[in-house]
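Listed here are the chains, written in short residue letters.
Protein chains: 2
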Amino acid sequence: MEKKDYKDMDLSAYFIGPKGENADLFKELTEKLINEHVGYRQNFNSDDENSISESEKITPEFNNAVVNMKETLSELSRKMRGGSIPWTTAGRYLAQMDNETLMPAILAYNFAILWNGNGVAWAGSPASTLMEEEVGQDLAKLNGYKKNGWGYVATDGSIANVSALWMARNVASIPFAVKEVCPELVEGKSEWELQNMSVKECLDLLDKTGDKKNDVKSRSARSGQNLQKLGKWLVPSTMHYSWQKALDITGVGEDNLIVLPVDDHYRVDTDKLESIIQENVDKHIPILGVVAVVGSTEEGAVDHVDKFLKIRDKFRKQGVDFVVHVDAAYGGYGRTVYIDENGEFMPYDQLEDAFKKYGIFTENNQFLKKDVYNAYKAIGETDSVTIDPHKMGYVPYDAGGLAIADTRMKDTLTYYAPYAFQEGVAVPASIGQFTLEGSKAAGSAAAVWTVNRMIPLNISGYGRLVARTLFAARRFADLFDGQKFEVKGKTIVSHVVYEPDYNMIDWVYKEEGNNSLKSMNDLTQALFEYTSSSKGGDLYNLDLLTSDSNFSPETYGDAPVKFIESLGIDGSEYHTEGKMEILRASMMSPWIYDDKSFDYWAPRITKAIQGKFELISEHENIL
Amino acid sequence: MEKKDYKDMDLSAYFIGPKGENADLFKELTEKLINEHVGYRQNFNSDDENSISESEKITPEFNNAVVNMKETLSELSRKMRGGSIPWTTAGRYLAQMDNETLMPAILAYNFAILWNGNGVAWAGSPASTLMEEEVGQDLAKLNGYKKNGWGYVATDGSIANVSALWMARNVASIPFAVKEVCPELVEGKSEWELQNMSVKECLDLLDKTGDKKNDVKSRSARSGQNLQKLGKWLVPSTMHYSWQKALDITGVGEDNLIVLPVDDHYRVDTDKLESIIQENVDKHIPILGVVAVVGSTEEGAVDHVDKFLKIRDKFRKQGVDFVVHVDAAYGGYGRTVYIDENGEFMPYDQLEDAFKKYGIFTENNQFLKKDVYNAYKAIGETDSVTIDPHKMGYVPYDAGGLAIADTRMKDTLTYYAPYAFQEGVAVPASIGQFTLEGSKAAGSAAAVWTVNRMIPLNISGYGRLVARTLFAARRFADLFDGQKFEVKGKTIVSHVVYEPDYNMIDWVYKEEGNNSLKSMNDLTQALFEYTSSSKGGDLYNLDLLTSDSNFSPETYGDAPVKFIESLGIDGSEYHTEGKMEILRASMMSPWIYDDKSFDYWAPRITKAIQGKFELISEHENIL
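Heads up: the sequence lines are chains A and B, in that order. Residues 1 to 623, numbered by UniProt numbering, are exactly what the first sequence covers, in order. Residues 1 to 623, numbered by UniProt numbering, are exactly what the second sequence covers, in order.
Among these hints, one or two may not hold up.
A pair holds if it fits inside one copy or across any two, identical chains being indistinguishable in the list.
As the list claims (entries may be wrong) - In silico DSSO-like links for lysine-lysine, alpha-carbon gap of 30 Å or less:
{"id": "1", "residue 1": "K189", "residue 2": "K213"}
{"id": "2", "residue 1": "K357", "residue 2": "K200"}
{"id": "3", "residue 1": "K356", "residue 2": "K232"}
{"id": "4", "residue 1": "K32", "residue 2": "K57"}
{"id": "5", "residue 1": "K141", "residue 2": "K70"}
{"id": "6", "residue 1": "K79", "residue 2": "K32"}
{"id": "7", "residue 1": "K213", "residue 2": "K232"}
{"id": "8", "residue 1": "K579", "residue 2": "K369"}
Simulated from the structure, these hints should not be mistaken for lab results. Keep in mind that this is a model prediction, so the values were computed, not measured.
Whenever a hint applies, use it, and build me the whole structure from the sequences.
Quick look at the structure:
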């Protein structure tokens with residue numbers, strides 16, 4: 001192929017397949033890559049003699065070791081077969097944000113393991129270090145960060161979140177450090193002014209310190225000083241638990257956590273966000289930063305990033321500033337749907353044509369919500385983003401990601417320069433200087449690099465893949481909303497909790513005519529138990545797997561009340577019961593979105609649910 | 001095999017081999033494991049139809065995608081071949097702590113990637129979660145932590161170090177939190193007494209808080225309070241740079257870092273350690289903890305862990321207490337040499353017999369230093385250890401490790417209980433609650449589990465493997481100490497900087513009769529440049545690779561002066577030059593230790609060095 005026309009490539013070729021449909025191709029490519037690696041070993045100083053002779057290979061000691069290895073690997077295989085989650089099924093795993101991963105990512109990762117590069121520094125893995133730099137640029141650009149952006153492949157979203165707060169903390173502390181080391185640069189500024197400089201202002205200030213830069217850094221938050229002056233960190237109640245960890249480990253402290261209430265769509269209530277900030281400002285308490293979640297862990301909800309930024313603009317006018325970080329660990333790849341092949345975020349009114357051109361379904365296109373579009377669009381104006389290739393990038397674990405809008409943010413984590421020189425050429429300096437991780441498996445960078453080169457981060461590549469799942473979520477949400485089951489004369493109806501923003505569905509089961517929240521919770525939880533190893537028995541024998549969660553007043557406030565009342569249940573029961581139990585499915589499977597596959601899977605899933613309710617009716621005292 | 005007799009197993013079977021000697025076996029086992037995985041996919045609800053049909057596979061779109069995948073993988077292969085470090089060579093890579101990794105570890109890791117388990121929680125990867133628990137116990141026991149120990153497979157040593165400080169910080173803050181929430185439990189205790197409780201006392205105190213435990217935790221260091229009351233963190237000057245990171249991120253702060261001077265053997269000067277602690281105590285400044293390094297990054301030096309503990313015992317008598325953490329990321333596996341098949345640390349006087357029994361070389365056995373033995377023995381009495389399977393465990397990246405003596409330490413990082421119940425059985429709770437990492441590739445736990453089951457962490461398994469490298473270091477140190485090269489009438493002599501404690505050698509090159517440190521530095525650095533891509537050209541065409549470092553007064557104080565003077569150089573030049581340049585080699589290769597292989601490699605390495613000096617003489621103006 002001369003020019004690659006990505007839209008004419010069948011994404012189905014990129015997976016081993018739920019039934020191993022492409023297993024032969026996978027084996028062929030695996031063997032090819034192994035051979036290429038072995039050839040490298042053999043021909044490095046090709047005349048060097050072998051270290052293991054043929055005669056050694058036929059000794060009893062060698063054979064003992066081979067037997068030991070085979071036996072241990074058999075045991076491993078047995079354990080993995082018995083103790084893995086069958087998320088490679090096309091249609092029977094409606095649960096966590098996991099599915100089969102991209103074949104080229106697996107091949108690249110496995111290949112990289114043979115080389116065992118340590119991507120911590122160019123000298124430990126020249127190839128993967130450069131790949132990671134490219135991938136970092138990919139992630140930055142995907143999020144709309146232009147030429148000053150930077151990114152890296154983090155172990156996971158938790159570490160990316162922790163690192164984002166670490167950077168925000170160190171950046172925000174620069175004005176205090178400058179005041180100590182080069183007071184003339186901040187002369188006349190009040191403490192409040194020092195606390196309310198933007199990321200850019202802080203970094204420009206650091207740049208002005210010239211040869212005192214490292215002295216300033218040593219007086220930044222890394223010294224342990226001023227941590228309690230930096231202000232509050234605001235995170236939605238839908239947050240991942242890594243935010244608690246982040247506040248703990250960084251010493252910013254959970255005392256500085258403010259949890260933002262969400263609306264009945266599980267997005268941050270931006271009026272309340274504004275009033276919470278205002279209350280703090282009124283008390284002269286600074287805001288270190290605000291987190292928007294794009295693709296919340298339990299709901300897939302997409303916060304109004306655009307409104308967050310508008311609120312920041314408003315506060316800037318009164319001299320108040322703070323970081324905006326986006327936790328898009330799960331939802332980040334959703335942005336690819338809106339990006340054209342030139343890397344531009346498309347105007348809303350061109351989407352429908354673009355979708356037609358790229359074969360993305362347009363009928364019943366309710367998943368194209370304007371507010372979700374606006375949120376994605378606004379990400380480019382934020383300061384940093386967590387985005388995990390090992391979630392919607394369909395790359396194996398571990399491959400999280402962090403992107404920052406201004407590459408200088410990372411330099412506050414180290415005394416060293418961002419580039420080193422090797423062979424007279426600038427190469428990325430030890431990435432370990434800018435990350436919590438020291439050693440780094442080359443595999444994760446190699447895997448993400450490979451798939452990014454094959455499947456562009458725009459509508460022609462990942463956009464088409466993500467769209468499959470958005471469409472699947474749309475269709476199954478429609479199926480589940482109002483679906484009825486008859487069991488021993490009783491009618492059970494399922495209800496979808498909210499319109500999906502992304503590819504996740506939350507839903508509940510309620511007995512018709514029984515308006516008790518407790519009953520609904522019991523029934524929903526029972527279905528979960530019978531669709532998991534809890535009561536469903538061996539994982540491998542299940543014909544449907546789901547995951548569950550529950551929304552409690554402690555975490556979610558009154559967010560679920562409107563939904564509960566819409567079912568005819570008294571809203572006050574939410575508080576007396578203390579929770580609403582839900583089923584939760586990330587519709588990540590790329591195999592259930594089109595007419596043919598939906599028509600195949602919908603009745604099978606329905607039948608499986610019907611069977612569970614019959615079992616529940618038989619064994620549990622709740623139906 | 002009924003009873004496995006590990007000592008009769010040939011370790012050479014466990015590697016693909018420097019020349020791919022066991023590549024056929026590797027391919028056979030790879031294919032077997034892939035088939036077993038594909039069989040699982042096919043037979044999960046075996047009657048479900050394929051998602052990719054044979055007719056789809058012959059469409060142009062499918063073919064386009066296959067071509068795209070093959071082309072991209074070819075590019076990946078080209079980049080990896082051109083940009084990897086040839087550390088799989090048996091004898092020509094004398095540099096970083098990297099070598100080929102164990103075949104079963106590669107197989108297990110690659111296999112696990114197919115299942116893509118997320119070891120964050122039992123529900124994401126039942127098999128690997130249980131494996132990680134076993135491996136954690138392995139690491140704890142290897143370090144002499146008995147039944148209360150705990151460990152996990154961290155991303156790497158940096159994260160393990162950060163986590164150790166995080167735990168130490170949170171544990172040390174418990175007394176202050178208790179004073180706030182349950183003051184009656186610490187009634188009458190002074191601030192100094194609260195600052196000087198042992199780990200056990202802190203954790204016992206937390207246990208006494210009963211149902212207020214989470215309230216106490218919320219007032220611990222995780223709140224952001226009291227961080228600056230916890231005291232100083234003492235780390236040897238040979239420390240890995242992750243310790244700066246650890247002080248930065250945890251908010252303990254670099255202001256609380258005290259760098260411990262080392263002696264001319266690059267081990268902490270324990271007299272100075274004692275006096276530094278005493279000086280702080282005299283000023284009423286508490287000590288949060290002291291780090292001992294076992295296998296330092298640049299020297300492989302082993303600190304006197306036993307003396308650290310004796311010093312702690314002395315201070316305990318005056319009411320002063322602190323954590324002792326061991327950074328054995330690199331050196332930790334050295335302990336396996338001293339552990340018998342029952343898991344007991346062997347008495348010193350039984351070692352020689354044991355070594356004979358297990359085929360470990362005993363002639364010229366200078367590597368059996370009593371002080372190194374004592375240091376390893378004492379680790380069991382410390383509080384926590386960093387130990388990386390991806391270094392001397394010969395497991396691919398990422399597989400670092402942390403072990404703690406008292407499992408309750410980890411519970412200070414979370415509000416949650418350590419165990420959950422699934423199917424009525426206690427299973428490990430979400431490990432993500434206790435670690436910086438959230439998502440976790442099942443592969444690293446699976447790989448370490450597999451090799452630990454095959455190659456016991458005692459003298460019958462890893463002990464024999466580590467011993468190969470200790471012996472190689474011994475032999476090459478002897479070769480390099482005093483080795484002479486003649487170039488254009490000049491004689492160059494190499495000198496080993498110190499007697500190795502472990503498997504690392506540091507050495508320099510000096511022109512005979514030229515007693516200038518600058519000349520020695522220039523010559524040593526030139527040899528590095530010609531044995532690396534810096535001036536050696538393409539990595540793949542090098543016949544010898546080394547790594548370098550330098551010791552500067554800023555970091556190392558006067559540690560190198562005695563050695564410099566022993567070469568006839570004026571010691572003051574160390575300060576005027578500002579550094580001593582060294583070559584540095586981890587002798588991790590398992591293929592160069594015995595008579596036959598040493599006799600094969602020694603002349604080849606010597607010839608390569610001779611060739612480099614000829615090039616240097618020709619091209620550089622320093623000979």
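How the hints compare with the structure:
In this assembly of identical chains, K189 and K213 lie within 30 Å of each other by CA distance solely inside one copy; the values are 20 Å within and 43 Å between copies. Proximity of K357 and K200 under a CA criterion of 30 Å is satisfied in neither setting, with 40 Å inside one chain copy and 66 Å between copies. Taking CA atoms no more than 30 Å apart as the test, K356 paired with K232 passes in neither setting, with 45 Å inside one copy and 63 Å between copies. In this assembly of identical chains, the alpha carbons of K32 and K57 lie at most 30 Å apart whether taken from the same copy (25 Å) or from different copies (21 Å).
Taking identical chains as interchangeable, the C-alpha atoms of K141 and K70 lie at most 30 Å apart only when they sit on different chains, with a minimum of 26 Å there against 46 Å within one chain. In this assembly of identical chains, the alpha carbons of K79 and K32 lie at most 30 Å apart whether taken from the same copy (28 Å) or from different copies (15 Å). In the homo-oligomer, the alpha carbons of K213 and K232 lie at most 30 Å apart both inside one protomer (27 Å) and across protomers (25 Å), since each shortest distance falls under that limit. In this assembly of identical chains, the alpha carbons of K579 and K369 lie at most 30 Å apart only when taken from the same copy (29 Å versus 63 Å across copies).
Hints 2, 3 from the list above are not met by this structure, while the remaining hints are.
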